[in-house]
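> Here is what each chain is made of, one letter per residue.
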Amino acid sequence: MLVVEHLAKNFGTLKAVQDLSFEIKDGEILGLVGQNGSGKTTTFRMLLGLMQPTAGKVLWDGEKIGEKQKDLIGYLPEERGLYPKETIEQQVMYFGKLRGKKTCEIKEKLDYWMEHLQVKGNKNDKIKSLSKGNQQKVQLITTLIHEPKLVILDEPFSGLDPVNAQIMQDAIIALRKQGACVIFSSHNMANVEQICDRLVMIKNGRQVLAGKVQDIKDSFGKIKVFLESPLTKAEVQAVLGVADVKEHRQRLEITLSDPAVGRKLFELATKDGYIPTFSQETLTLEEIFKLKAGEKDEL
Amino acid sequence: MNFEKLWVIASDVYRKTVKSPSFLIGVFMPFIVVLVGFLIGAIMDKGQETTTIGIYSKQPVLAKALAKQKLPALRLKQVDSVKDAQKQLQAEKLDNYLVVTKKDGELLSTVYGEKVPDDATMANLQQALNSLQTSLKAGEYKLTSDQVFELMRPAKLEGKELSFTDDGKVKTSNDSSGVKFALSYAACIFTFFLVLTYASLIAQEIAGEKGMRIMEVILSSTNAKTHFYGKLLGVILAALTQLVATGFLLGVSVFIMRDNSSLNEMLADINFTGIEPSFIILLLLFILAGSLFYAVLAALCGSLVSRAEDAPKAIMPVTYLMMAGYMLGLIVATNDPSNFVVTICSYIPFFSMILMPIVLANGAGLMGASISLVILVLSTLVLAAFSARMYRVNVLVYNQKGIWASLRQSLTMLRKDV
Numbered sequence: 001m002l003v004v005e006h007l008a009k010n011f012g013t014l015k016a017v018q019d020l021s022f023e024i025k026d027g028e029i030l031g032l033v034g035q036n037g038s039g040k041t042t043t044f045r046m047l048l049g050l051m052q053p054t055a056g057k058v059l060w061d062g063e064k065i066g067e068k069q070k071d072l073i074g075y076l077p078e079e080r081g082l083y084p085k086e087t088i089e090q091q092v093m094y095f096g097k098l099r100g101k102k103t104c105e106i107k108e109k110l111d112y113w114m115e116h117l118q119v120k121g122n123k124n125d126k127i128k129s130l131s132k133g134n135q136q137k138v139q140l141i142t143t144l145i146h147e148p149k150l151v152i153l154d155e156p157f158s159g160l161d162p163v164n165a166q167i168m169q170d171a172i173i174a175l176r177k178q179g180a181c182v183i184f185s186s187h188n189m190a191n192v193e194q195i196c197d198r199l200v201m202i203k204n205g206r207q208v209l210a211g212k213v214q215d216i217k218d219s220f221g222k223i224k225v226f227l228e229s230p231l232t233k234a235e236v237q238a239v240l241g242v243a244d245v246k247e248h249r250q251r252l253e254i255t256l257s258d259p260a261v262g263r264k265l266f267e268l269a270t271k272d273g274y275i276p277t278f279s280q281e282t283l284t285l286e287e288i289f290k291l292k293a294g295e296k297d298e299l
Numbered sequence: 001m002n003f004e005k006l007w008v009i010a011s012d013v014y015r016k017t018v019k020s021p022s023f024l025i026g027v028f029m030p031f032i033v034v035l036v037g038f039l040i041g042a043i044m045d046k047g048q049e050t051t052t053i054g055i056y057s058k059q060p061v062l063a064k065a066l067a068k069q070k071l072p073a074l075r076l077k078q079v080d081s082v083k084d085a086q087k088q089l090q091a092e093k094l095d096n097y098l099v100v101t102k103k104d105g106e107l108l109s110t111v112y113g114e115k116v117p118d119d120a121t122m123a124n125l126q127q128a129l130n131s132l133q134t135s136l137k138a139g140e141y142k143l144t145s146d147q148v149f150e151l152m153r154p155a156k157l158e159g160k161e162l163s164f165t166d167d168g169k170v171k172t173s174n175d176s177s178g179v180k181f182a183l184s185y186a187a188c189i190f191t192f193f194l195v196l197t198y199a200s201l202i203a204q205e206i207a208g209e210k211g212m213r214i215m216e217v218i219l220s221s222t223n224a225k226t227h228f229y230g231k232l233l234g235v236i237l238a239a240l241t242q243l244v245a246t247g248f249l250l251g252v253s254v255f256i257m258r259d260n261s262s263l264n265e266m267l268a269d270i271n272f273t274g275i276e277p278s279f280i281i282l283l284l285l286f287i288l289a290g291s292l293f294y295a296v297l298a299a300l301c302g303s304l305v306s307r308a309e310d311a312p313k314a315i316m317p318v319t320y321l322m323m324a325g326y327m328l329g330l331i332v333a334t335n336d337p338s339n340f341v342v343t344i345c346s347y348i349p350f351f352s353m354i355l356m357p358i359v360l361a362n363g364a365g366l367m368g369a370s371i372s373l374v375i376l377v378l379s380t381l382v383l384a385a386f387s388a389r390m391y392r393v394n395v396l397v398y399n400q401k402g403i404w405a406s407l408r409q410s411l412t413m414l415r416k417d418v
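Protein chains in written order, with full-length UniProt numbering: chain A, 1 to 299; chain B, 1 to 418.
If you're looking for bench data, these hints aren't it; they were derived computationally from the structure.
It is possible that part of the hints are untrue.
Within a straight-line C-alpha distance of at most 27 Å, the following computed DSSO-like cross-link-like pairs (lysine-lysine) qualify [claimed, not checked]: (1) LYS102(A) <-> LYS19(B); (2) LYS149(A) <-> LYS225(B); (3) LYS101(A) <-> LYS225(B); (4) LYS68(B) <-> LYS87(B); (5) LYS102(A) <-> LYS156(B); (6) LYS57(A) <-> LYS87(B); (7) LYS16(B) <-> LYS109(A); (8) LYS225(B) <-> LYS85(A); (9) LYS87(B) <-> LYS85(A); (10) LYS177(A) <-> LYS217(A); (11) LYS16(B) <-> LYS132(A); (12) LYS225(B) <-> LYS64(A); (13) LYS224(A) <-> LYS25(A); (14) LYS128(A) <-> LYS19(B); (15) LYS85(A) <-> LYS16(B); (16) LYS126(A) <-> LYS19(B); (17) LYS123(A) <-> LYS16(B); (18) LYS101(A) <-> LYS115(B); (19) LYS16(B) <-> LYS107(A); (20) LYS19(B) <-> LYS123(A); (21) LYS16(B) <-> LYS102(A); (22) LYS19(B) <-> LYS85(A); (23) LYS68(A) <-> LYS225(B); (24) LYS128(A) <-> LYS87(B); (25) LYS126(A) <-> LYS16(B); (26) LYS120(A) <-> LYS68(B); (27) LYS16(B) <-> LYS128(A); (28) LYS115(B) <-> LYS102(B); (29) LYS107(A) <-> LYS19(B); (30) LYS101(A) <-> LYS401(B); (31) LYS212(A) <-> LYS224(A); (32) LYS15(A) <-> LYS401(B).
Have a look at the derived ranges for each label pair, beta carbon to beta carbon [as the list claims (entries may be wrong)]: (33) GLN194(A) <-> THR241(B): 49 to 57 Å; (34) ILE371(B) <-> GLU108(A): 53 to 61 Å; (35) LEU321(B) <-> GLU147(A): 44 to 52 Å; (36) GLN214(A) <-> PRO21(B): 54 to 62 Å; (37) VAL332(B) <-> THR103(A): 47 to 55 Å; (38) PRO21(B) <-> GLU147(A): 31 to 39 Å.
By construction, the Cβ of each residue, glycine as well, lies at the ideal position given by its N, Cα and C atoms.
Same shape as in the complex, but just chain B (with noise of 0.2 Å):
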């Protein structure tokens, strides 16, 4: 192996592919597909109109109370009498009125109006008048604000991960399957469309080169490890810049979001405490190896077959086995992490990288895990130093009955050693 070469072809590749538009639209990505749900929302809300409601009591001490109150998408307003109401819903200057009576110290409200308010608005009024009601409550038990707030504070529940350590003790932390689920789902379709990506990048080109008899000049140059294994090298580092990419793009977009209040709200209800860093490492090395077994796949189709155009057709098998492990993942693991058939997957290199993030977010052991990627990994190498041999016979067989043909007459030369 040449290492001055190998440099030469994995720099070449990776030149080419960050340049190319499907890297660029991976990095962007979940991205643009975050903004578009952000601008939805921010369409959805804007649509949304305020419901004015006109507030009658007989004690207009009440009504001017409730009025003070801020509630969302609701506008609170006294009237003077249910006539002026009715005139006013009449005027389309409200949508409703409500009618607010005291008896015996409870409240008892009426809406009123051409049609009965919507579910979310009939719950804020709810909330408006039970606070009103405390404070009117509070105020003849004669209670202060302190003893209120004791009063109105909630219950406590949470949820606690148990497990056992080897030595039989028994170990808590906070949950956060939610968390992990989350990050081994997006890990999953990561992987998926990093896979889909790289695997037609790697094919097409090296499809392309043999067709184009480059490849011959190529392989006159140097040999057919160095090139196989440059052109791995170049879309693994091309796999990393969009990981490093999307990362650091995903902490940008928090640091200029770090003041709005809703992210922080969403950021809040996340706990972080319960990921271990062995989780996160276990993720990204799922990924990486993962992309790099299905390059190695991508690449050694891609040099069976003759021309650029064939490409496609030749990666379909590696494509049907990466959508096979990726339903498994997001429809049966995701129901049933514990399922036998997931269980054995999640050991096997062609879906292992898709299944083993999700069993182990849904408490399988960290051995486990270690096992299948030791598996993932060496079956890595494996395949790649065959996939090197293959290539240096496959790049001068130019078979046009189909790529199982080209194999056979591959593999048939091989052990003649051409």
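Next up, chain A with everything else stripped away, as it sits in the complex (with noise of 0.2 Å):
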């Protein structure tokens, strides 16, 4: 189990992070949101411990993170790199052997991974000789050939295609299932809302939400409404408790600023009988982290 706790890392004057807390027990995926220059690199950068926090503590099952600690850790950093003119399995090898593995305990890994994570090409073959994909593939093979416990990836699905972003998911999903600590940034919301089961976001380096997914959702209540009927957008602004109304077609999205709000609106909607669309709904991620972050045009 990881718990972060106060943590804070001041660069002079700059403060790039400030009383940062969670936890993530084992078999737990937590996501780390939050805009560019937010905080999030040298968040795990601390974590990782190649950086010396001003304040707080990391701890690992009750430790502090040491040399001890570092064989359970995978990392994939943000950038993507390899050694180019080094073969899959030298670098593979090169990886593993640095987490305390063995030759052997890593070559019998090294078959599995390429072919569950369908690596086209040869253990032989050049990295500079790979698809900007493929070696991808390979860099998360060297993130995972050791079986870490504590898992970190800044931002993992940047720059893959749908397919090796499914093959991605599937990999997260199967740490969760070994029972390992993983936790992840990402600009995309819609896969912190499908695989995250906590979730923490940073602005500015201050931690502004943080929690489970669904909590989280919950928290903002539902105030959102999407609306086919006869009222007019004019008619649905005059409503007191409505803070915003954007028109689509023939569909209202509604935003109250209170779900009560919701059942009056319904009725004012439904005096003259039938109508096709009421939905009452939370905010998706993504319009928490617009919310929060306050600049939408920023994503």
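Each chain sits in its own coordinate frame; assemble them with the hints.
Right, here's the structure in full:
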């Protein structure tokens, strides 16, 4: 189990990360979301022990992360990099051995992963001869070859086509089954919504949201209404408690400032009987993200 | 420090380095140079034509005796008359002809031809005539062949080195300064190329790993110190391999060429007896410690930049320092080994690995060399310890403003203990 307590990091006067706290139980996936420059990579570097926090602590099974724990970590950096002149096997072997594995253990596992992730190519192919997608798969193999207990993935879905993104998603879900703690950052809220158990959102280094995905969604309440009725945009806007109305053809997308307003809106819309659509929903994670980030254009 | 992981990193660097083209070129370069020199020599030998010289004398015995002598690149042929000689000269069967007369027991000779033969041919002819005259005189004085040999034996002249032991006694030894000088010169060039090769290799590798973010993965597997020392160990092992491989190939080629007369002549000329084992050991230690010193510097510089392409720029200061030592060694120290600047610099770590062997070959004491070596080794250790600390911070600094800005940023971070 990973426990992060009041983690903070300052670079001079810049407060990169402030008072960040969360925990990941074994077999749980945590999504770390936030805009560019919000402090995700700095957080990962502190989790990895690459940087010392200014304050707070990171504990793995109750102990500080030191040399002993490093063999348990699997890390996929945001910018992808492998030695272009090395073969797949040399590459995986090197990273595997650095995590304390033996040659024979790695060989066995490599065959499994090559097949499992459908890497096109031979173990003796040089990295530079592989396609970008296959290079990314090889890098994922180097991250997982030693069966890590704490897996840290920085933007694992960036640059993947839909097929490879699905393979990545399956691999992450498989890690949960094996009982690993997984933490990943992503810009893609759909991925986060589908596979995360918990979510932490940071903005300018501060934690603005934390908890189970469903709890977070519920905490905002059902403030979204999709409506298809004789009511016009202006009529809806005039209702007290309606924050925003957008018009998509006949359908109105209404944001409420209070979920209770939904009932009033329903009665108003159905006063003449049948209407095709009335749907009151929670916000999607993407909407919550945009709402919290405050800047809708940068996603 | 985790020694298992240290070894994983060292062997990976070693494998990559030994397989790199620059390593192979480094190993074979001395032989390629010698081989090319040998081939050029052979081509020049082939190109040289034999000069044919006709010999005429009123006393055919003289001409016959002379024609019997074997001389390099020269064929002597007895002719019957001056007219005959001229005819053959015209027909280009002869290059020159020589008329030998004997007057008052002395040989008087003149060479004729369209062109007077070159200096080497004249010297050869002179020698042939000298020995003929000597044997004629010996016959006149009724000397035995032993007596002739005694007469002809040249006087001996040799050089001895004087050195003073601590208790004021004088020790003499055979002159070996030439060989020592050649060895130190070779060591100087070898170190220079070794450093240039490995400095750029190690800097490139580290900058590349940093640029591709491989560094972050490695440092999440093990600590920066282990990585830094592992890299150095790998490079040093590669340098040692190159040293051994070069030595081995040298041995093999001497073995193969052992029947080659010119090599034997060359080896016989070299006075190996005056070279103390301590000189050789010091030389090797300077090569190794010097390479290590510069490898540490190169690794430090390489860790300051963020891309492999910037590595050559980053090690520029290292290259210039090395170049300065090299120039000082080959130009100043060669002509004036006791030069004040050279003496000072032969104790400074940046230059001592180049200068001290040359100064040592010119008769400096072992004491000075040992002190210089200790200074070099100690400063390498200090530099390595400092670099390992810097390295941890450097590899996470991605400063685009150049290496000095990166260095400043790293130092600030180091002080604040990030």
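> Hint by hint, say whether it matches the structure.
Do the hints match the structure? See the list:
1. Distance restraint check for LYS102(A) and LYS19(B): the Cα-Cα separation of roughly 23 Å lies within the 27 Å cut-off, and the hinted pair is therefore satisfied.
2. Taking the CA atoms of LYS149(A) and LYS225(B), the gap is near 24 Å; set against the 27 Å cutoff, the hint holds.
3. The straight-line distance between the Cα atoms of LYS101(A) and LYS225(B) is roughly 20 Å, inside the 27 Å bound, and the hint therefore holds.
4. Among the hinted pairs, LYS68(B) with LYS87(B) is consistent with the structure: their alpha-carbon atoms are about 22 Å apart, no more than 27 Å.
5. Distance check on the hinted pair: LYS102(A) and LYS156(B) sit about 70 Å apart at the alpha-carbon level, beyond 27 Å; violated.
6. A hinted pair counts as satisfied when its Cα atoms are at most 27 Å apart, and LYS57(A) with LYS87(B) does not qualify at roughly 108 Å.
7. A threshold of 27 Å between alpha carbons decides the hint, and for LYS16(B) with LYS109(A) the separation of about 24 Å falls inside it, so the pair holds.
8. For a cut-off of 27 Å, the pair hint linking LYS225(B) to LYS85(A) stands: about 25 Å separates their Cα positions.
9. Between LYS87(B) and LYS85(A) the CA atoms are separated by roughly 74 Å; this puts the pair beyond 27 Å, and the hint is violated.
10. Distance hint between LYS177(A) and LYS217(A) is fulfilled; the C-alpha atoms sit about 25 Å from each other, no more than 27 Å.
11. Only pairs whose Cα atoms come within 27 Å are accepted, and LYS16(B) paired with LYS132(A) is accepted, the gap being roughly 24 Å.
12. Restraint check for LYS225(B) and LYS64(A): satisfied, since their Cα atoms lie roughly 19 Å apart, inside the 27 Å limit.
13. Straight-line distance between C-alpha atoms of LYS224(A) and LYS25(A) comes to about 32 Å, which puts the hinted pair past the 27 Å bound.
14. A distance of roughly 17 Å separates the Cα atoms of LYS128(A) and LYS19(B); the hinted pair therefore holds under the 27 Å criterion.
15. Our distance criterion of 27 Å between C-alpha atoms is met by LYS85(A) and LYS16(B), whose separation comes to about 10 Å.
16. A hinted pair counts as satisfied when its Cα atoms are at most 27 Å apart, and LYS126(A) with LYS19(B) qualifies at roughly 15 Å.
17. Pair hint LYS123(A) plus LYS16(B) holds up; C-alpha atoms about 18 Å apart against a cutoff of 27 Å.
18. Proposed proximity of LYS101(A) and LYS115(B) is contradicted: the alpha carbons are some 82 Å apart, above 27 Å.
19. Distance restraint check for LYS16(B) and LYS107(A): the Cα-Cα separation of roughly 20 Å lies within the 27 Å cut-off, and the hinted pair is therefore satisfied.
20. Restraint check for LYS19(B) and LYS123(A): the C-alpha separation of about 19 Å stays at or below 27 Å, so the hint holds.
21. About 20 Å separates the Cα atoms of LYS16(B) and LYS102(A), which keeps this hinted pair within 27 Å; it holds.
22. Restraint check: the Cα-Cα separation between LYS19(B) and LYS85(A) comes to about 11 Å, which is no more than 27 Å; the hinted pair holds.
23. Simply put, LYS68(A) and LYS225(B) have alpha-carbon atoms about 15 Å apart, close enough for the 27 Å limit, and the pair holds.
24. Pair hint LYS128(A) plus LYS87(B) does not hold up; C-alpha atoms about 77 Å apart against a cutoff of 27 Å.
25. Between LYS126(A) and LYS16(B) the CA atoms are separated by roughly 14 Å; this keeps the pair inside 27 Å, and the hint holds.
26. Only pairs whose Cα atoms come within 27 Å are accepted, and LYS120(A) paired with LYS68(B) is rejected, the gap being roughly 81 Å.
27. Proposed proximity of LYS16(B) and LYS128(A) is supported: the alpha carbons are some 16 Å apart, at most 27 Å.
28. The straight-line distance between the Cα atoms of LYS115(B) and LYS102(B) is roughly 25 Å, inside the 27 Å bound, and the hint therefore holds.
29. Only pairs whose Cα atoms come within 27 Å are accepted, and LYS107(A) paired with LYS19(B) is accepted, the gap being roughly 23 Å.
30. Distance check on the hinted pair: LYS101(A) and LYS401(B) sit about 39 Å apart at the alpha-carbon level, beyond 27 Å; violated.
31. Our distance criterion of 27 Å between C-alpha atoms is met by LYS212(A) and LYS224(A), whose separation comes to about 20 Å.
32. At roughly 23 Å between alpha-carbon atoms, LYS15(A) and LYS401(B) fall within 27 Å of each other, so this suggested pair holds.
33. Between GLN194(A) and THR241(B) the beta carbon distance is about 53 Å. The supplied range of 49 to 57 Å therefore holds.
34. Taking the beta carbon of each, ILE371(B) and GLU108(A) are about 56 Å apart, inside 53 to 61 Å as hinted.
35. For LEU321(B) and GLU147(A), the Cβ-Cβ distance of about 47 Å falls inside the hinted range of 44 to 52 Å, so the restraint holds.
36. Between GLN214(A) and PRO21(B) the beta carbon distance is about 59 Å. The supplied range of 54 to 62 Å therefore holds.
37. Checked against the hint of 47 to 55 Å, the C-beta distance between VAL332(B) and THR103(A) comes to roughly 53 Å, which is consistent with it.
38. Look at PRO21(B) against GLU147(A): about 38 Å separates their beta carbons, and that is inside 31 to 39 Å.
Figure legend: structure checked against the earlier numbered hints; hints not met, in rising order: 5, 6, 9, 13, 18, 24, 26, 30.
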